[in-house]
Amino acid sequence: KQEVTQIPAALSVPEGENLVLNCSFTDSAIYNLQWFRQDPGKGLTSLLLIQSSQREQTSGRLNASLDKSSGRSTLYIAASQPGDSATYLCAVPRANSKLTFGKGITLSVRP
Amino acid sequence: DTEVTQTPKHLVMGMTNKKSLKCEQHMGHRAMYWYKQKAKKPPELMFVYSYEKLSINESVPSRFSPECPNSSLLNLHLHALQPEDSALYLCASRDLFSRTDEAFFGQGTRLTVV
Chain A
95 KQEVTQIPAA LSVPEGENLV LNCSFTDSAI YNLQWFRQDP GKGLTSLLLI QSSQREQTSG
155 RLNASLDKSS GRSTLYIAAS QPGDSATYLC AVPRANSKLT FGKGITLSVR P
Chain B
3 DTEVTQTPKH LVMGMTNKKS LKCEQHMGHR AMYWYKQKAK KPPELMFVYS YEKLSINESV
63 PSRFSPECPN SSLLNLHLHA LQPEDSALYL CASRDLFSRT DEAFFGQGTR LTVV
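Those protein sequences? They're chains A and B, same order as listed.
Using the working numbering, read the first sequence as starting at 95 and increasing by one per residue.
Using the working numbering, read the second sequence as starting at 3 and increasing by one per residue.
With a cut-off of at most 25 angstroms between alpha-carbon atoms, the simulated SDA-like pairs for lysine to any residue come out as follows:
hint, chain 1, residue 1, chain 2, residue 2
1, A, K197, B, M48
2, B, K24, B, A82
3, A, K192, B, R112
4, B, K38, B, Q84
5, A, K136, B, G16
6, A, K136, A, A103
7, B, K24, A, S191
8, B, K42, A, G135
Bear in mind the hints are in silico, worked out from the structure with no lab data behind them.
So that you can see chain A by itself, here it is in the shape it has in the complex (with noise of 0.2 angstroms):
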């Protein structure tokens, strides 16, 4: 059964910082893993999609790494902005059509 961890569940940051965003999944046998935005009361937002055969992705200040040999996916932001401010989540399809999500980091990026 594939289980995604996203840690820490919170994280603060003053803005300009660079940060990384963690998704560990114990199943290395996926095909592709996508990354989300989720603003508070909003639909989720699809960031960045980086297929098996990709080892990262990247979509202006946004880059996202992936691993499947050690079951980890990062996601980089630059140059953090207050505008930055949401909830990330990770998942990753299964062969019957479903996506098993991380519980998701919420973000706060302060002035």
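Here the structure of chain A is known, so what remains is to put chain B in place on it, guided by the hints.
Just chain B now, kept in the frame of chain A:
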């Protein structure tokens, strides 16, 4: 267009009411999902439709009744709900046979049962 549209955005209903949530996507995705999300928790899968057929029901109470009228539309019919059913209901779609298999979510319907 990578948009999943959900209506209504907010819904307040009594325990004896019947209401429906609607979800629409025009990306040609053949898998559509309903999720329930409580505050500070990750989304919890309720139903999966694949090629307009119900493929997964995560033991959801019968007061929730999904329907997929066509490949672009997904409905969730609600009847005799309980206050504990108050939550954010999210719809998602995926193209299971694409190279990327990316999931897209709607903005959700905030449901309050009174």
